[in-house]
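Engineer: The chain contents come next:
2 protein chains.
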Amino acid sequence: MLTRADNANIDIPALMADMGARAKAASAPLAFATPEQKNAALHAMADAIVASEDAILSANEIDMEAGRASGLAGAFLDRLQLDPDRVKAMADGIRAIAELDDPVGSIIAQWDRPSGLHIERVRTPLGVIGVIYESRPNVTADAGALCLKAGNAVILRGGSDSVNSSRAIHACLLDGLQAADLPADAIQLVPVTDRKAVGEMLKGLGGTVDVIVPRGGRSLVERVQTDARVPVFAHLEGLCHVYVDASADIHMACDLVVNSKMRRTGICGAAETLLVDRAAAPAMLTPILDALDAAGCSVRGDKDVVAAWPKATPATETDWTTEYLDTIISVALVDGVGGAIDHIGRYSSNHTEAIVAEDRAAVDRFMTEIDSAILLHNASTQFADGGEFGMGAEIGIATGKMHARGPVGVEQLTSFKYLVRGSGQIRP
Amino acid sequence: MLTRADNANIDIPALMADMGARAKAASAPLAFATPEQKNAALHAMADAIVASEDAILSANEIDMEAGRASGLAGAFLDRLQLDPDRVKAMADGIRAIAELDDPVGSIIAQWDRPSGLHIERVRTPLGVIGVIYESRPNVTADAGALCLKAGNAVILRGGSDSVNSSRAIHACLLDGLQAADLPADAIQLVPVTDRKAVGEMLKGLGGTVDVIVPRGGRSLVERVQTDARVPVFAHLEGLCHVYVDASADIHMACDLVVNSKMRRTGICGAAETLLVDRAAAPAMLTPILDALDAAGCSVRGDKDVVAAWPKATPATETDWTTEYLDTIISVALVDGVGGAIDHIGRYSSNHTEAIVAEDRAAVDRFMTEIDSAILLHNASTQFADGGEFGMGAEIGIATGKMHARGPVGVEQLTSFKYLVRGSGQIRP
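These protein sequences, in sequence, are chains A and B.
Take 1 as the starting number for the first sequence in UniProt numbering and just add one per residue.
Take 1 as the starting number for the second sequence in UniProt numbering and just add one per residue.
One thing to keep in mind: the hints can contain errors.
[As the list claims (entries may be wrong)] Below, computed lysine-lysine pairings styled on DSSO-like, alpha-carbon distance capped at 30 Å:
| hint | chain 1 | residue 1 | chain 2 | residue 2 |
| --- | --- | --- | --- | --- |
| 1 | A | 417 | B | 417 |
| 2 | A | 203 | B | 196 |
| 3 | B | 196 | B | 24 |
| 4 | B | 24 | A | 203 |
| 5 | B | 24 | B | 311 |
| 6 | A | 203 | A | 24 |
| 7 | B | 196 | B | 417 |
| 8 | A | 24 | A | 303 |
| 9 | B | 24 | A | 24 |
| 10 | A | 203 | A | 417 |
| 11 | B | 24 | A | 196 |
| 12 | A | 203 | B | 311 |
| 13 | A | 196 | A | 24 |
| 14 | B | 24 | B | 203 |
These are calculated hints, taken from the structure and not from any lab test.
Construct the entire structure; sequences and hints are all you get.
Structural biologist: This is how it looks when you write it as structure tokens:
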């Protein structure tokens with residue numbers, strides 16, 4: 001068991017710089033490890049997790065006891081807790097990653113030039129990825145496996161509350177690497193809980209870290225985005241909108257709004273604001289809000305909404321910028337698709353927005369003019385997910401516009417290089 | 001004419017923040033300007049440049065006089081100087097950019113999901129690009145046009161020595177924007193020469209700048225890479241290698257080495273180091289070095305090279321890390337392709353490397369194991385250029401692994417978003 005005292009007298013900057021150098025060194029051979037070798041490691045990791053169920057659960061119990069003793073909240077303890085089903089799900093998740101197409105070396109584009117040169121753009125790993133996460137111990141397995149599949153070395157920094165669980169899982173990942181003769185430094189777990197280690201990672205460990213992925217709540221992501229001196233794949237929040245156009249099918253609108261908001265309220269793809277076309281309001285507002293109400297959702301409306309549907313409480317300006325992650329929705333009337341675009345442009349976090357409409361021109365305008373990572377037509381915002389997109393596992397969803405955007409799966413954890421084949425061409 | 005005194009009493013941070021906000025505001029409508037509208041603006045810009053030749057040359061003469069008076073070096077003055085041919089070349093360059101395919105809205109990938117959802121990944125502009133450059137006034141036209149073609153707003157910050165030339169060219173770009181009814185803030189030129197303006201741009205102007213592109217010498221790029229708090233597309237240097245394998249055709253090897261080094265020595269794709277397979281040395285080293293010598297190139301060799309070809313001077317450790325940009329080459333013998341990979345891994349700037357070989361296994365290993373932006377087989381390193389790749393104009397070459405790598409053309413100045421089309425799908 002790791003205690004705070006273990007951090008005493010450790011030179012954190014030196015320790016972290018060494019981890020960075022090791023990761024960088026491991027990333028070179030990983031970049032051209034064969035798909036078979038990487039998949040053998042992944043399957044061996046899954047086997048080791050299944051075989052180590054008892055050890056993982058015992059380690060987790062130590063974390064749980066410490067968490068209860070320090071008065072952690074119930075939701076936090078639930079994320080921390082492992083059980084045999086969750087251990088099996090981790091192993092299954094790793095096997096699913098093994099089944100994905102190997103992105104490394106795949107040809108993204110190729111063309112011939114008048115000079116006779118043949119040019120290929122092929123995928124390469126990014127290099128070294130730093131993953132900073134909180135209480136969920138399964139991130140250790142997911143992130144480790146996903147980075148390996150894409151040929152990257154990874155430095156994992158889990159929450160201090162799950163440190164024993166993460167260590168037990170990490171030991172299984174190391175077993176898998178060893179079984180496939182891959183370097184142990186391909187997947188490193190920061191061995192100290194001192195938060196200085198995070199600060200070092202955000203500075204890039206002497207240029208060895210290519211990208212940082214934070215997995216956790218708003219305060220973690222905010223700190224990472226503010227302090228990181230290296231690129232970050234993340235979203236701060238998912239302030240997702242559903243716009244119901246006057247041309248919408250009313251039944252579809254009710255179903256999509258309720259599903260977008262209520263299927264799971266705690267995920268980043270959950271809708272937080274409903275925008276209803278003023279022209280649709282007389283016919284559609286009440287049935288949609290009744291459906292939300294019947295599903296257990298509270299409504300905060302602008303003054304027109306409150307006037308039309310008195311159960312709504314008045315929304316304030318902060319409601320338009322609040323990611324509730326709860327059974328609450330803010331609702332405004334807008335002047336057609338142009339009004340929806342304006343509202344979204346002002347308040348959105350550029351994660352995911354949906355339009356419910358049958359009018360092609362309104363749909364085209366919504367899809368063209370809004371610059372969010374994911375735009376949906378006649379589909380629930382809850383589809384904003386790498387698995388639903390067919391990308392397999394995802395390490396998160398990015399709302400930045402550089403490199404990765406939307407679900408960050410194995411393909412988004414790669415870069416590319418150009419291979420140019422000639423027959424002696426010199427440039428005139 | 002702008003003088004240093006013009007900078008007095010200007011609140012640079014406020015000025016630059018305002019430019020950032022204007023660029024951001026302009027970027028929204030630019031993102032969905034039609035190809036026809038953008039091309040109309042580009043052709044009108046080219047027309048304005050041709051029509052304003054006298055004004056541009058007069059402004060340039062002011063810069064040239066100031067440059068001569070302050071004792072600027074001849075090479076610097078040559079880059080600064082405009083003449084009727086160079087003015088025409090600027091206009092032609094803009095027209096060539098107009099002819100490129102419009103990247104915005106193009107579908108990068110699309111697929112169907114078992115849920116019935118159809119997913120498209122489509123190109124979008126990046127947003128706001130900051131370009132920081134030195135004495136070449138033509139960058140004003142090239143960079144302004146390229147950013148516009150990709151639907152981005154741009155903030156241009158040219159060198160203080162070319163400020164009058166850049167202003168005259170920028171006026172033509174504004175004419176073009178106005179003729180096509182596009183916002184003037186789409187292409188802004190920083191109006192002050194105070195270097196504090198660069199510092200503000202590197203901080204990102206309050207989150208409005210999405211990427212910075214430095215165009216200039218090593219010290220500029222180094223400052224930008226060190227100080228920028230936003231992503232940068234750049235290469236610090238092009239320390240390009242040519243490796244001649246024992247399986248190479250000797251005549252091809254001579255031609256490719258001489259062309260890679262000597263066609264133009266001052267560009268980033270020029271070869272700086274020649275690596276010769278130890279097994280090839282007895283037959284090939286002397287003819288290759290004789291060919292370089294005949295072309296006017298000095299050779300700095302490791303001890304084996306000096307022993308075999310006494311005209312070579314001994315290379316020191318710093319030669320392996322020096323980008324000469326001159327008629328000098330460093331030469332080492334290596335143990336086959338593995339030795340070449342090791343040398344390149346240690347010393348390369350990850351820009352461009354070439355292998356001359358007929359042995360397929362050696363070529364595959366070189367292409368697979370080296371992680372540089374561009375790898376060439378049996379072709380000159382001088383092909384490392386967006387135009388030669390068929391990308392049209394380029395804003396530079398990037399050696400980073402995030403987002404853009406290799407030549408940065410109009411396509412690399414875009415991001416993407418996902419458009420998901422359904423028929424009422426809710427997520428179970």
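Engineer: Evaluate each hint against the coordinates.
Structural biologist: Hints, one by one, checked against the model:
| no. | hint | result |
| --- | --- | --- |
| 1 | A/417 / B/417 | holds, 23 Å |
| 2 | A/203 / B/196 | holds, 25 Å |
| 3 | B/196 / B/24 | holds, 21 Å |
| 4 | B/24 / A/203 | holds, 28 Å |
| 5 | B/24 / B/311 | violated, 59 Å |
| 6 | A/203 / A/24 | holds, 15 Å |
| 7 | B/196 / B/417 | violated, 35 Å |
| 8 | A/24 / A/303 | violated, 57 Å |
| 9 | B/24 / A/24 | violated, 37 Å |
| 10 | A/203 / A/417 | holds, 26 Å |
| 11 | B/24 / A/196 | violated, 36 Å |
| 12 | A/203 / B/311 | violated, 47 Å |
| 13 | A/196 / A/24 | holds, 21 Å |
| 14 | B/24 / B/203 | holds, 15 Å |
Taken one by one, the earlier hints fail for this structure at numbers 5, 7, 8, 9, 11 and 12, listed in ascending order.
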